[in-house]
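With the hints as constraints, model all of the structure from the sequences given.
Number of protein chains: 2
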Amino acid sequence: MKRAMRQTELFTKTRKDAPADEVSRNAELLIRGGYIHKEMAGVYSFLPLGLRVLKKIENIIREEMDKIGGTEMKTAVLQNKEIWEKSGRWSDQAVDTWFKTKLKNGGEAGLSFTNEEAYSSILKQYINSYKDLPVYAYDFKDIFRNETRSKSGIMRGREFYWKALYSFSRDEKEHNEFYEKIKTSYRNIFQRTGIGHLTYITFASGGSFSKFSHEFQTLTPAGEDTIYLDEGSGLAVNKEVYNDEVLAELGLDKNKLVEKRAVEVGNIFSLGTKFSAPFDLNYKDQSGKEKPVIMGSYGIGLGRLLGTVVEVLSDDAGIVWPESIAPFAAHLLSLGESEKVLGESEKVYQKLCQAGIEVLFDDRPGISPGEKFADADLLGMPYRAVISERSAQEGGIEIKQRKEKKGKILSVEELVKTLSETEKSAEEK
Amino acid sequence: MKRAMRQTELFTKTRKDAPADEVSRNAELLIRGGYIHKEMAGVYSFLPLGLRVLKKIENIIREEMDKIGGTEMKTAVLQNKEIWEKSGRWSDQAVDTWFKTKLKNGGEAGLSFTNEEAYSSILKQYINSYKDLPVYAYDFKDIFRNETRSKSGIMRGREFYWKALYSFSRDEKEHNEFYEKIKTSYRNIFQRTGIGHLTYITFASGGSFSKFSHEFQTLTPAGEDTIYLDEGSGLAVNKEVYNDEVLAELGLDKNKLVEKRAVEVGNIFSLGTKFSAPFDLNYKDQSGKEKPVIMGSYGIGLGRLLGTVVEVLSDDAGIVWPESIAPFAAHLLSLGESEKVLGESEKVYQKLCQAGIEVLFDDRPGISPGEKFADADLLGMPYRAVISERSAQEGGIEIKQRKEKKGKILSVEELVKTLSETEKSAEEK
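Sequences listed follow chains A and B, in order.
Letter by letter, the first sequence follows residues 0 to 428 in numbering that gives the first Met the number 0.
Letter by letter, the second sequence follows residues 0 to 428 in numbering that gives the first Met the number 0.
Check the hints yourself; a few may be wrong.
To be verified - DMTMM-like, lysine to aspartate or glutamate: derived pairs with alpha carbons at most 25 Å apart: (1) B:Lys99 / A:Asp91; (2) B:Lys66 / A:Glu8; (3) A:Lys283 / B:Asp16; (4) A:Lys405 / A:Glu388; (5) A:Lys103 / B:Glu146.
Derived by calculation from the structure, the hints in this document are not laboratory data.
Remember, predicted model here, so these are calculated numbers, not experimental data.
Below you can see the structure in the form of structure tokens.
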């Protein structure tokens, strides 16, 4: 991906209004900014700026998954009926969000709505002995869920881009150790993408095998979930398991809990032998005894995470990207058509390019300063650098952080230095 | 993606046999090597080693697309019926390879089998004036085609990973200039991925708008196409347009043409106003006159390209990866269980890691030298580096290129130097 780009090279434009049927704030801002395009309810395409954000989130997640031993693969979308019959999840009665499609030479295939079956079936070919374990494998993948409700913009898609990791362990102890590790990874991911301060680990239903699963819930009125948060300990309980018995078990005091709206940005799940049993996913231990593999699943929706960042960090003027996932670190605005301003802007842009700064250069002719400022606020790059007659008179470039009211004048050398340091620290976080 | 990896960390293993129903050489080798997993006919998952190759191909294509002004985006898989009705390609009569699926709240969606409609519909929102053109936008995307015949392994998928770029130009002249540019890009891509010497630009049917399209055809008996090649000029004609009139037009002499089997690894297509007309994709020129946008489409199937590399470069012992797309530059084999060999192997692996060399370390205990050699040949890394009692006695590591019969002994410093230079030149190519 190019590090620098002229706005005249970008085919998208900002818009005054989002489509009338778009009720969510995240999709409204992202559509107005030209980040995404709505194909139908719950289905969005990522335009060039949106893809840049998505890729940055992907890279952060990839780093955190690789750090704890994850191995990436790319599994198919089309799902083989036979595999899903093994786990009893093929029928529309068992799973009511399937998308299915007919194969031309007979039979049906499903569209991936999750990956337990695909992974179990692949790993079955490779796991025989305790020496083959543990395995931590993951995918970035388009996932399809036939939802009827999809009014939350990119926070609830019928098609969405997803990371799921599956763990295959020898026993509960090994599983639990990894489960704690990935909790830390998830905290890192939400911290690094700018929503850590609003994200709480939340006890939720564990489904048919475990007592609890854990969700990472980010506080926002736009969320579809209700949680009960103990602000002291930072622990929360999802409404679905909120009762006196559970609170007693978790040692939480009902009177200290606050009801909050939140969105589930990640979940981690102990699966036990729920899938290894139907897939005969067993291994021989050191004494030659056959034992079932213990599984876990760990998901993050990248579009939902991106939408959540927009929901919780934006202001009235537009999006506010954290430096770590902003499409560009800086938005360079050229104001006015004088030769002096144009020449200076070009010079500064070239310097930023040479320094490897990620910069979007608003070089559009015939656009008023007011419009350029409004677009910069809407698009939300962390730094705005302005070149105008005034800034030139004052001997430099006016730089301002997106959240600040007032900027300051820097020389081009100081500008390069400031932005280089900013990018470096964003990458290291 | 990690640069170095131990084979004991890799959950895949090599296999003696591919599934009995797998008749293609590319899928047989890739399955035996643990590169891919067959989900059903024409549907494959990419396992960790396979994904590494796919990502390298993707990066080469991305570089070449960005070099000529391409802008990447990520369009949705689920396709809105309304859009396809505009171009008259929604019905199963018009397109016989659709996969369609029912939406739970009524209606149907299609699965992307190509992207002209999606792009035209998106660009319609952003193109108004000659100032907005040209636009060159592209996707990497999973594509779905409901094929009945799928016996060519990953060379013909019902689901496949694809790059498509679409060009939007002001007039034929601007279009033709870009068309020539992308021809060069495609030549670069096939050169860089190791099949340039076998790949010929081929005149094929231009469909309803243009007289010809251009295919890039790679010679292989595994191909499904027949072409007539003029070895002198390097030009070829696809059987579908091979007749006296066409040959005369192209100035080709029938007597000099050789019939060859080949696989289409890329195609470029002038679309004229075929899609801009139904989508009202017009722009105002400098005099304010409304004109239709001239389009072109340019596709490459990444899985097919990968499969073609395997078909044309492999030998009886297995895969032979070009350095540019090999999952790892080197395969380090530790032979024998003596402390000396184990210690030395570990030391060399660490040195290679520190030098940033892409290396797969066969550290598996209890595997015979013969098996390790056979696996190294099957997996096909460009360099094999062996540490054994004998190499240790001779004071180093035995290094051998995949296609060479005999290796030579290098010190660890010489090994690092050789592999660093190799990687550098592979990346620069």
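**Item:** Pair hint A:Lys405 and A:Glu388, alpha-carbon separation not exceeding 25 Å
**Value:** This hinted pair holds, its Cα atoms lying about 18 Å apart.
**Asked** Between B:Lys66 and A:Glu8, is the straight-line Cα distance small enough, at 25 Å or below?
**Response** 13 Å, holds
**Given pair status - B:Asp16, A:Lys283, alpha carbons within 25 Å** = Given pair A:Lys283, B:Asp16 holds - Cα atoms ~23 Å apart, limit 25 Å.
**Request:** Sort out whether B:Glu146 lies within 25 Å of A:Lys103, counting only the CA atoms.
**Result:** Holds, at about 7 Å.
**Request:** Measure nothing beyond the straight line between the CA atoms of B:Lys99 and A:Asp91; if it is 25 Å or shorter, mark the hint as holding.
**Result:** 17 Å, holds
When held up to the earlier numbered hints, the structure conflicts with none and fits them all.
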